[in-house]
Amino acid sequence: MNHFTDEQKMMQEMVRKLVKDKVAPRAAEIDETDEFPWDIAKIFGENGLLNLVLPEEYGGVNANNTTLCIVIEEIAKVSPACGLTVFTTQALLNVLVRGGNEEQKKRFYPKFASGDKICAFVLTEPNAGSDAASIQTKAILKDDHYIFNGNKIFISTGEVSDFYLVFAMTRPGERAKGMSAFIVEKGTNGFSFGKKENKMGLRGNPTVELIFEDAPVPKENLLGEEGQGWKILIEYGNLMRTWGAASTSLGIAQGALEYATEYAKERAQFGRPIASFQAIQFMLADMAILTEAARSLIYRASWMIDQETEPFSRIEPMVSMAKCFTTDTAMKVTTDAVQILGGYGYTKEYPVERMMRDAKGVQIFDGTNQIQRVIISRNLIGKLK
Amino acid sequence: MFHLTEEQKMIQDMVRKIAKDKIEPRAAEIDETDEFPMDFVEVYKENNLFRMVLPEEYGGIDASTTTLCVIVEELAKAYASAPQMLITTGAVLQILLKAATEDQKQRFFNRLEQGTQACSFVLTEPNHGSDAGSLQTKAVLDGDHYIINGTKAFITTGEIAELHLVFVRTGGERTKGISVIMVDKNTPGFRVGKKEHKMGFAGTGTVELVFEDARVPKDNLVGGVNQGWSLLLNIANMMRAWGAGCTALGNGQGALDYVVEYAKQRSQFGKPIAGFQAVQFMLADMAIALESARSLIYRTAYVMDTDGESFKNIESLVCMCKAYAADVGMKVTTDAVQIMGGYGYTKEYPMERRMRDAKSVQIYDGTNQIQRVVISRNLLK
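Chains S and V supply the protein sequences, listed in that same order. Reminder that position 185 of the first sequence reads as 185 in the working numbering, one-by-one numbering, no gaps. Reminder that position 169 of the second sequence reads as 1169 in the working numbering, one-by-one numbering, no gaps.
Same shape as in the complex, but just chain V (with noise of 0.2 Å):
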C-alpha cells in the first residue's frame, strides 16, 4: 500500500532535482517580490509536469493520486508555493477527463499548448467561501454564448492561467443550479482584477477575476446544466488530499530537515542545542506529526488510486488529509521558528517564511473547520 512504483521513484528523484535546482534558490527572492514564477512555468512545462494527470494519447503520463502526492511533496519540501499551479492546473483537467466531451477535450487540451499550459479553478466569490453553494456569480444563456457576469475572489494561478474553470449559477437554488463552464482569459469581458497582498503564499498570482457581460461560447459548458456540485464533490474536492495536504507535508517536512541540521550546529551551553532533550523531544513530535500525517495521505491516495472503497469513506479520508496535515504543517513550522530562535524570527533563514505559507493551506482549498464539518457529517450518517 504505501510502495512507490520504479516509474514514481524515477519522477521522485527527477522533481527532486528540479526543486533542489530551480525551485528552492529562487524562494526567498519570490516571498520577497511576490512575483509569479515564470521561470517555474518553463520548467515545468520542459518536464511535461502540467499535464501530468493526462492520459498518453493527450501527452500526459496518466499519474495516480500517489504519483501526485509525490510530485507535490517534493516540490513543497523546497517551496510551498511552487507546486500550486500544477495543483489548479491538474484540478482543471482531471474534471475535463471525467465530465468533458471527446470535442472539448480535443479543444482545451489543444489550446493548452500555447501559452502557460497553466490552468485555474474558480470557484470562491467575495461573499461565498465555505458556503460554496450560495455562489452568485451569473452564466445566461444568449443565442450561442453564455453571458457571465459576477466576481470571483482568491484565485489562485489566476494571474496567468490560459483557462480558468468557472463556477457559475445557471440555475435556481443553491447546489442544484451550479454549472461549470471553461473561459480563456483572452475572452472580451474577462479581466483579472485585484491581486490579493498575503501573508505569505507568494508568487502563486492569488487574484480577483472580474466577468462583467463576458461572452463564452456554449459549446464551453462542462458536464451538462447544472451539474457543477456534483464535479466539485466527486472531483474536484478529492485534490484535497495530493494539493493542499502534500504542500503542507512537504513544507513541514522541508522545515524539520532543515531544523535538525540548525540544531546540530548551534552550540549553546557548551553543546550543540540538539543534545538537550527539550530540543530532542520537540524535533520528535515534529517527526511523529509528519510521518502520521503522510502515512494517511499515502494510504489515502492508496484507496484512491485502487477503487473499491465508499464515496464517503474516500470523501473522509481526504478531509482529515487535508486538516491534518494542513495543522500539523503549522505546528511543525511554529516549533522550527522557536528551535532557531531569533534567527528563525528573520528572514535570513528560510523558516519564518514556510510558516507564514503553512498558514494559508489550513484556510485555501476547504477551511480546515469544513473539512470537519464534512468529516462529522460522514460519522454521524
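With the rest of the complex left out, here is chain S (with noise of 0.2 Å):
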C-alpha cells in the first residue's frame, strides 16, 4: 500500500524482522530498567542503521526522508525508545549531510566508519523550549576556538552519545540572528553530563542535562556561518519531524493496534470473542483508520520532501501537520488499546501501557504539539495586516 522502491521495501524487511528478533524481547526489561540498551545500539551499528543517511563508502544507503520513516516505523513499533538512538543520530548526520562544508564532511564521515558512533540534537534550554529562539548558552569565539558557557536539558540519547549537535548563540540577545549550529565531540574540556530524568516513558533512551563551562569546541566544527543555526535548524532540522517524531508515533500506534486486534480476537468473553462485538469492532475500526490517515499523511509529507521542488512554504506546515495528527493518533489509539485489554491492558505484564507512557512523550518533544499548531496556523494565516 505504498510507492516504496524495492530497496525501500527491502530495507523495511530487514528491519522489521531485525527488531523482533533483537529488540522486541527485551522492549519491557528496557522499560523497566531504564538503561541506555547498549547491546540494540551495538546491533543497529552492525546492521547499518545508525549511518543510514551517509554515502556508501562510510556505511550509509544515502537514506532519503522516506527511507528514515520507514526504518523508525519498523522500530519503534516494538519499542520506540530503541528507535530514538537511530533517530537522534540521524538527526545530527542528516544536518552534517545537507548542511556540513566539503571539510566537515572529509573531517567527520571517517568517525563514523565505524558505524557504532552515536548522536544527539542538543537545543532545549531550561528556560527556551517551545521558544527556541530564547536560548541562552554562548559560544563565543576566542582564536581557534569557540568557548561555550550554558545548559541544556531534556536532551534525548544524552551522555551515551559521541557527537552533540549543538544550537548556541555566538551572538547573545539577538535569538533567531545570533544563533550557530556546531558539532560539539563528547570529550571536550568543560563539557559535562549533569542529572538523568526519570520519565513517564520512551525509558531506557537517557533523557539528560548538558553542562558547559568554558568548554571550547574547534571553531571548525561551525557548521555553514556564524548565525545561520536558526536557518539550519528551520531547514534542516524541523523537516525530521516527519521521520523522527511522526514516524515514531505512527510505530507506536500501529504496533498498538495489532496487539489489540490479536488480544480482542483470542479474548473470549459472554462465551465469544470480544471481537465480535460491533462495540469493539467500531473502536479497532476507528483506531485503523486514523493510523492509515496518518500513515498517509507521513508519506506524502515525505514525499514532498524527497521531491526537492517543493517550495518549503508548503513542506514546513504538512511536516508539522505530520508530527502534531500522527502523535495525536498515537496517543488516541494506544489509551483504546490499554481500554480494549481491560485490567490487563493497565498491567506491565502487557505492553499496551507502556505504548500509552510512550506516546504521550511524543507529543511533547521534537516541537509540541501547540507550537506544531503555532506554525500551521501561521502558514494558514499569513502576515495580518
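Since the hints were derived computationally from the structure, they do not count as laboratory data. No residue lacks a Cβ here, since even glycine has one placed at the ideal position from N, Cα and C. Careful, some of the hints might be misleading.
In silico lysine-lysine, DSS-like type, Cα no more than 25 Å apart, as pairs [unchecked claim]:
| no. | chain 1 | residue 1 | chain 2 | residue 2 |
| --- | --- | --- | --- | --- |
| 1 | S | LYS332 | S | LYS265 |
| 2 | S | LYS186 | S | LYS196 |
| 3 | S | LYS231 | S | LYS138 |
| 4 | S | LYS219 | S | LYS105 |
| 5 | S | LYS231 | S | LYS106 |
| 6 | V | LYS1312 | V | LYS1271 |
| 7 | V | LYS1312 | S | LYS265 |
| 8 | S | LYS383 | V | LYS1264 |
| 9 | S | LYS360 | S | LYS199 |
| 10 | S | LYS106 | S | LYS186 |
| 11 | V | LYS1198 | V | LYS1331 |
| 12 | V | LYS1381 | S | LYS20 |
| 13 | V | LYS1347 | V | LYS1020 |
| 14 | S | LYS348 | S | LYS199 |
| 15 | V | LYS1022 | V | LYS1009 |
| 16 | V | LYS1331 | S | LYS332 |
| 17 | V | LYS1009 | V | LYS1020 |
| 18 | S | LYS42 | S | LYS196 |
| 19 | V | LYS1312 | S | LYS9 |
| 20 | S | LYS265 | S | LYS17 |
| 21 | S | LYS360 | S | LYS196 |
| 22 | S | LYS383 | V | LYS1271 |
| 23 | S | LYS117 | S | LYS196 |
| 24 | V | LYS1271 | S | LYS385 |
| 25 | V | LYS1381 | S | LYS17 |
| 26 | V | LYS1264 | S | LYS385 |
| 27 | S | LYS265 | V | LYS1381 |
| 28 | V | LYS1185 | S | LYS332 |
Going by beta-carbon spacing under 7 Å, a handful of chain S positions derived as facing chain V [claimed, not checked]:
| no. | residue |
| --- | --- |
| 29 | MET10 |
| 30 | MET14 |
| 31 | ALA293 |
| 32 | LEU380 |
The two chains are supplied separately, each in an independent frame; assemble them into the complex guided by the hints.
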C-alpha cells in the first residue's frame, strides 16, 4: 500500500525481522530498568542503521526522508525508546550531510565509518523550550575555538552519544539572528553531563542535562556560518519531524493496533471473542482509520521533501501536521488499546500501557503539538494587517 | 505517489475555472429552491465530464481514480451538490465498462448521447439501506423482457437520469440472487416518484423510483444473472474514495479557505480574530484534518490506479477514505460556522449550507457505520 522502491521494501523487511528477533524480547526490560540498551545499539550499528543517511563508502545508504520514515516506524512498533537512538543520530548526520561543508564531511565521515557512533540533537534549555530562539547558551569565538557556556536539558540520547549537534548563541541577545549550530565531541574539556531525567515513558533512552563550562569547541566545527543556526534548525532540523517524532508515533500506533486486534480475537467474554462485538469492532476500525490517515500524511509530507522541488512554504506546514496529527493519533490509539485489553492492559505484563506512556512523550518532544499548531496556523493565515 | 500529471493539472485548472465561474455563483440559489441545476448539466456536457471515465474510443478521457478525485474535489470546493450527477454517472459507466457486452456498451453509450447524459445508481430501498443484500425489488423473466416491481428510495440524480442502473432480485436469498439491469427512463411502468425534501445536498435530484410491471428488455441485464452483488463490491463500492470521499474533502476545503479569509477580516477586541490563538488553533486543527484526509484519499487513489494490492487492503482503504473524510468534513464545517459566529449561522453566508451538506456525506454511499463494519471485518480476518 505504498510507493516504496525495492531497496526500501528490502530495508523494511530487514528492520522488521531484526527488531522482532532482537528488540521485541528486550522492550519490557529496557522500560523497567531505564538503562540504555548498548547491546541493541551495537546490533543497530552492525546492521548499518546508525549511518543511514551517509554515503555508501561510509556504511550508509544515502537514505532519503522516506527511507528514514520506514526504518523508524519499524523500530518504534516494538520499542520507540530504541528507535530514538537511530532518530537522534540521523538528526545530526542529516544536518551534516545537508548543511556541512566539504572539509567537515571529510573530517567527520571517517569517524562514523565504524558504524557504531551515536549522536544527539541539542537545542532545549531550562528556560527555552517552545521559544527556541530565546536560548542562552553562549559560544564566543576566542582564537581558534568557540568557548561554550550554558546548560541544556531534556537531551535525548544524551551522555551515551559520541557527537552532539549543539545550537548556541554566537551573538547573545539577538535571538534567531544570533544563533549558530556546532558539532561538539564527547570528551571536550568543560563539557559534562548533569541530571538524568526519570521519565514516564521512552525509558531506556537517557534524557539528560548537558553542562558547558568554558568548553572550547574548534571553530571548524561551526556548521554553515555564524548566525545560520536558526536557518539550519528550520530548514533541515525541523524536517526530521516526519521521520522522527511522526514515524515514531506511527510505529507506536501501529504496534498498539496490531496487539489489540490479536488480543480481541483471543479474549472471550459472554461466550465469544470480544472482537465479535460491534462496540469493539468500531473501536478497532477508528484506530485503524486514524493510523492509516496518519501514515498517508507522513508519506505525502515525506514525498514532498524527497522531491526537492516543493517550496518550503508548502513543506513546513505539512511536516508540522504530520508531527501533530500522528502523535495525537498514537495517544488516542494507545489509550483505546489499553481500554480494549481492560485490566490486563493496565498491567506491565502486557505492552500496551508502555505504548501509552511512550505516546505521551512524543506529543511533547521535537516541538510540542501546540508549537506545531502555531506553525500551521501562521502558514495558513499569513501576515495580519 | 502524490504526483499529478500535466494532463491532470490541466484538468484541475479547467474544472477549477468552471467551479468558480459557473458553479459557485449558483450554489445559494440552488440550495434555496432545490431545483435540479440543468445549467450544470449543460456545462458538464460541453466539457465532456459525464463521460470522463470512458476510454477515448467511446469519447471519454479514460480518467483514472486520481483524475476523478481531482475533478470531484474541485467541484465540491465550490458546491458539494455539484459533482453528484458526475459521481453517479461515473459509477454506472465504470460498471458497464467492466461488465457489459460490447453490444450493450454501444447501445447504452449511444443512448447517453441524447438528453442529459446522466445516469443514476439505484440500490437503496425504503427498507433496505445498509443491509443492501436483502433488497426486494423483483425482476421476473417474461419472454424477452424482465418485469420489474418494487420501489427504490434516496436515488441521487434519479430525477433527471436518462439511464438507471438498478439492482434487482432475480434469484433466491440475499446476495446470491441479485442482478444488475439497465432501465431507460422512458420504460413503460417506470416512473420517478416522490422527491425527498432534505436538510441539505439540494439540487441533487434525490427521488424515489417506482417500478409497476415495468418491462425491460432482457438484453439490458448486465454481467450475468445473479452476479449483481459482485459488481457492487468489486467495482461500485470503490467509487467511495473519489465520490463521497472527495465530496467531503472539497466541501471542507472550501469551508476552510472561506473561514481563513473571514477570520483575517473580522475584528474584535481591536484586532482580527485570526490574531487570537484560540481561533488560530481551530484553523490549524481544521487544516490538519483536511490534509490527513486528502493524503489518505490520494494514497488510496494511487493504490487503485497502480494495481498490485490485494482487494482486501484496497477495500479497507476506500472505506477509511469515505468514513474519515466525511467525519472530517462535518467537523470542519461545524467549526467554520462557529468561527463565523452569528453570521455563520445565517443564510447570508455559505457556511451553514456547507455544514448541512456535510451531514449527508456521513450518511450516503454507505453510512460511516457500514464503512466501519467493513474496515473491522477486514482487520479481524
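Self-check item: Violated hints - listed by number, lowest first
Solution: Violated hints (numbers, rising): 6, 28, 29, 30; every other hint is consistent with the structure.
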